[in-house]
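Enquirer: Each chain, letter by letter, is given below.
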Amino acid sequence: MKNIFENGISQNITDVLKNRDRRVAVQQALLTNAPTKIVLAAILNIPGPVKNNAFIKCFFENQLKHFEKQMLINHLTFVKKEEWLDALTGPERFYLVDGDFKKLKQCAVSFEDSTPSRRLFDLDVLINDADNIRSISRTELGENPRKCLICNLPAKECGRSRRHQVSDLQIKVNQLILNANHQEHLMEISNQLADIGVEALISEASAWPKPGLVDPIEHGAHPDMDYFLFVKSSISMRPYLKECALAGLNFDDHFPLSELFNEIREFGKVAEREMLKATAGINTHKGAIFSLGIVTAAVGFNLQHHQLNNENLQHTIKEMLVNLINEDLKNKRNDGQSQTAGIQQYQKYGLGGVRSEAAAGYPVVFDHGLPAFNTYQDLNFNDRLVMTLMVIARYTTDSTLIKRASSPEIITWKNQQLDEFFAEGGISEKKGREFILKLQATFSENKLSLGGCADLLIITVFIAKVKGRFQKWNLQLMTEFN
Amino acid sequence: MKIEKTALAGTVESSDIQFTLSASDNGIQIDLDSPVKDLYGKQIIQVIEDTLKAYNIESVKVKAIDKGALDCVIKARLVTAIQRSLGMDEPNWEVL
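Listed in order, the protein sequences are those of chains A and B.
Residue numbers for the first sequence follow my numbering, so the first one is 1 and each next one is one higher.
Residue numbers for the second sequence follow my numbering, so the first one is 1001 and each next one is one higher.
Keep in mind the hints are simulated off the structure, nothing from the lab.
No false leads were mixed into what you were given.
Straight-line alpha carbon distances no greater than 25 Å define the calculated DMTMM-like cross-link-like pairs of lysine to aspartate or glutamate that follow: (1) A:K172 with A:D15; (2) B:K1037 with A:E157; (3) A:K156 with B:D1031; (4) B:K1037 with B:E1058; (5) A:K172 with B:D1071; (6) B:K1067 with A:E140; (7) A:K18 with B:D1050; (8) A:K69 with A:D122; (9) A:K18 with B:D1033; (10) B:K1061 with A:D21; (11) B:K1037 with B:D1071; (12) A:K81 with A:D129; (13) A:K430 with A:D378; (14) B:K1037 with A:E140; (15) A:K403 with A:E272; (16) B:K1067 with A:D131; (17) B:K1067 with A:D21; (18) B:K1063 with A:E157; (19) B:K1063 with A:D131; (20) B:K1075 with A:E157; (21) B:K1053 with B:D1071; (22) A:K438 with A:D383; (23) B:K1067 with A:D129; (24) B:K1063 with A:D129; (25) A:K430 with A:E420; (26) B:K1063 with B:D1031; (27) A:K102 with A:E61; (28) B:K1037 with A:D122; (29) A:K403 with A:E218; (30) A:K447 with A:E218.
One chain only, chain B, in its complex shape:
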């Protein structure tokens, strides 16, 4: 599946993460901005990739501004962004 419609979810409040999804011409591209990137960057990207995989998304540009969010927050915010982009109302929690 490809992300075509730009969508946003999350805030830049402390312990949150803000995702902007948009169309990509080159598979999955992740741009992560995080104060804990050195320590947890890999882990955060893993969560993002796993969540995209659960939705079978193969092409998307992901812009993530992290403010120290926990994995569960990252996943929840990304799911909302995907839902919005795909025009679904309720998150498909079963796939997670």
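In isolation and in its complexed conformation, chain A is listed as follows:
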């Protein structure tokens, strides 16, 4: 493990005491100017001569965000009044708070005691008690005194007796700060992955024209849906995508990856309910919940353990889904339960739908979708999405299309149509544009759908965007922590 104390400027006792005088002066001034308010002074207890650096500052700021949330939940209104994040004697911040000072102290104590690393925080609550500035102690509220980082005895005793070596304390603090920063980093990445996921979902829905799909202009193939429903449904999936990302980021690679899939499948059931709640019962994104969830978790796993590239990603997906075909498609042959188009067609025609595509590691996405998204990068974003979708559609045996046409022969017709579209020069050419608009009308008249292809476009866009954002970070994340 890295040693954060290698960086930073050593402080001596005079530096520390001078800074303490400065802190007390600031606290006094704040409470003299606003005698009815409460001051919350946040500092860190960092043993040893180095008391601040990039790691320590990052830890301080990230954790205080959590404390601020706690204050909000507890009806404590605060303003950040002053902060010295780069002070060599350690980062400091002062809040002016409105509310009950006992409640604030309780909030501070429970924060300090909530995780091992937050034990490093010293959150002092100060009030102006008839011109006497005093701090509220833990014992005043009947709380236990703070405990030592190493042996859990009261901290004051260990401090006074110098029971522990500074080097031992530093080893402990190093570990606490690195772990906490790493967890925050993963949380941040999971938020970004969820955002990119929602962006991919909304991008797909926004692209026009899309034969057999809902777009902002036309949704004849799906009279029960409109574009706005897709926006709502996309947003409802954000918490789920974040969970999938975290599951992947935190997955222990000593276990088989099929366990990762089992884990996110449970999240997926909740996500389906949330989607149906958002759309008043209409299935807009069931396939996307399945596919984008898998891919998001796989991306998370690769960001943590491997390099993020197509090969590793595809390998992870295959490993995650190694039991899918056997367990899902074969076992459900005779159970007569409500079935997806994919399951019914597996039984009828031996076609596996999205499950086969997924279990094979989404070959259409990696072999056709992503290369097409790259090929069309000079088009405007709408046209780039449409062209990529058409390429995906050309190579997909879409189970929703077969379901709507009630025959797998529709695939041959679809392929002929798309070949003609590409022969006309695609969306950038006048003829090609006319062709695709006509094709969309034909799909709408016959209520044909390309729902499966839409999901593949979504994960294509997601993977392309994620790679753009994370390829450099990935290596940094791996070297920083491992």
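Could you slot chain B onto chain A? The hints should help.
Expert: Same frame as chain A, but now just chain B:
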């Protein structure tokens, strides 16, 4: 040497100690208030006496409010208080 001018140093923050020095009519008088007085009172007073000795101070009233300060903090805060009382700018660290 006698302390004649009243001087203050330190804070009542946790792990700190606050000293108030003033003139004494009866040699060195130390009034210590500390949560760890039973355990460490003697040791704290020893540090105070040693520091006063290093400055050759024979007459002073010392009021100390301790909040669990370590010896090095006690010494540093007391030195600052003495300097302030004697009108010196920088602590005379060599004498310590």
